[in-house]
Amino acid sequence: MRVYEEGEADGVVFLAMEFVAGESLRALAERAPLEVGRAAEIIGAVADALEHCHAQGIVHRDLKPDNIIVEAQTQRPVLVDFGLVKRDPQGLSLGSLQLGTLTKTGELAGTPAFMAPEQVNPGKFGPVSPRTDVYALGATLYAALTGEAPFHAEHLPGLLLQVTRAAPPDPRKLRSELPAPVARLVLRALFKDPARRPASARAFAEELAAALGGAGNGAPGGARRRRRALLGAGRTAVGLLALAFVAFAALRRGAGGVHPAPPPAAGAAGVSSARPRPSTAAAPPRPLPPDERRAARRELRRLQREREPHQRARRARE
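Taking my numbering, the leading residue of the sequence shown gets 37, the next gets one more, and so forth.
Keep in mind that a hint or two might mislead.
Unchecked claim - Pairwise CB distance ranges (calculated):
1) Glu66 to Gln109: 17 to 23 Å
2) Leu197 to Ala63: 48 to 54 Å
3) Ser212 to Ala189: 20 to 26 Å
4) Gln111 to Lys160: 23 to 29 Å
5) Ala246 to Ala352: 32 to 38 Å
6) Ala68 to Gly159: 39 to 45 Å
7) Arg74 to His191: 30 to 36 Å
8) Gly194 to Ala235: 27 to 33 Å
9) Glu66 to Tyr40: 31 to 37 Å
10) Gly73 to Gln109: 18 to 24 Å
Just so you know, these hints were derived from the structure itself, not from any lab. We put the CB at the ideal spot given by N, CA and C, even for glycine.
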């Protein structure tokens, strides 16, 4: 992943980032459910990227097959669309979820079919936390392996009711040859109670690898080593870019209104714009007021300082 430029033009802050051509995990799974080892390799890489985000106090909140792009040339999985990230500057004590954070006021923050129960009803299930993304990892793996989301309904209220009350169907009912340990892990990630899910994204990835190994059905050791190599160069960029989007979104809220979705953020190894995303705005971004423009410039300079040593290290590797 490369960030080519950051700056401000006519009062609008921007990041110019690498274009990564690829196909979404959703498109791949809709053609045919993925082979178990390949799905595990993709989800494991995304889990490791999320683990790095969580260490920075960042929760993605909108993980789904549409937001994982598999790069055509390298086949690396790329996590995109950090437009709903939630960050607590003190770390991971995130407090109660405020619906509409970084979105229009009053809207649900997330994609219903892949939302954790606590995103729908934080009063009952507790605040958003890294285990919210663990739930989405399980739902995304479910879709990759079966070609279907865990829950379906004709109307949004019915779907949200299922998310908060219904048990998802065992994925083996849709694909009988799935290894039982993998199916059990997927269902455990989808528990309503966050405390019953795997403790972290990394724990989920490790349990997935163990489940595959125990089933004699795992990704080859070379594939696991390739996943680690892809992740090594990208983890720091994930945190920096996600933090940038949090800052920019806060600044845009100060300028008023909701504006086009921010550039997709880094994941397992980079950023992607596989296809243009429709704007959610009725009007183009308005220039920032002078005080917020100065704050944006300070934030850009800080991000540039943090990024410089990693750019030098990357150039040395190349």
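Notebook entry, point to check: Is the hinted range of 39 to 45 Å satisfied by the C-beta distance from Ala68 to Gly159?
Noted result: Holds, at about 40 Å.
Next item on the list: Could you check the hint for me, namely that Ser212 and Ala189 are 20 to 26 Å apart, CB to CB?
Entry: 25 Å, holds
Notebook entry, point to check: Should the hint that Gln111 and Lys160 are 23 to 29 Å apart at their CB atoms be regarded as holding?
Noted result: 40 Å, violated
Checklist line | Pairwise beta carbon distance, Arg74 to His191, judged against the given window 30 to 36 Å | finding: Holds, since Arg74 and His191 (Cβ atoms, about 34 Å apart) stay within the stated range.
Note to self: A range of 18 to 24 Å was offered for this pair. Does it hold for the Cβ distance of Gly73 and Gln109?
What the structure shows: 21 Å, holds
Next item on the list: For the range 48 to 54 Å, tell me whether the beta carbons of Leu197 and Ala63 fit it or not.
Entry: 29 Å, violated
Item checked: Range hint compliance [Cβ, Gly194 to Ala235, 27 to 33 Å] -> 31 Å, holds
Next item on the list: Determine whether the Cβ-Cβ distance between Ala246 and Ala352 falls within the hinted range of 32 to 38 Å.
Entry: 35 Å, holds
Notebook entry, point to check: Per the hint of 17 to 23 Å, is the separation of the Cβ atoms of Glu66 and Gln109 within bounds?
Noted result: 22 Å, holds
Margin query: Within 31 to 37 Å: is that where the Cβ-Cβ distance between Glu66 and Tyr40 falls?
Written below: 32 Å, holds
Checked against the numbered hints given earlier, the structure breaks hints 2 and 4 and satisfies all the rest.
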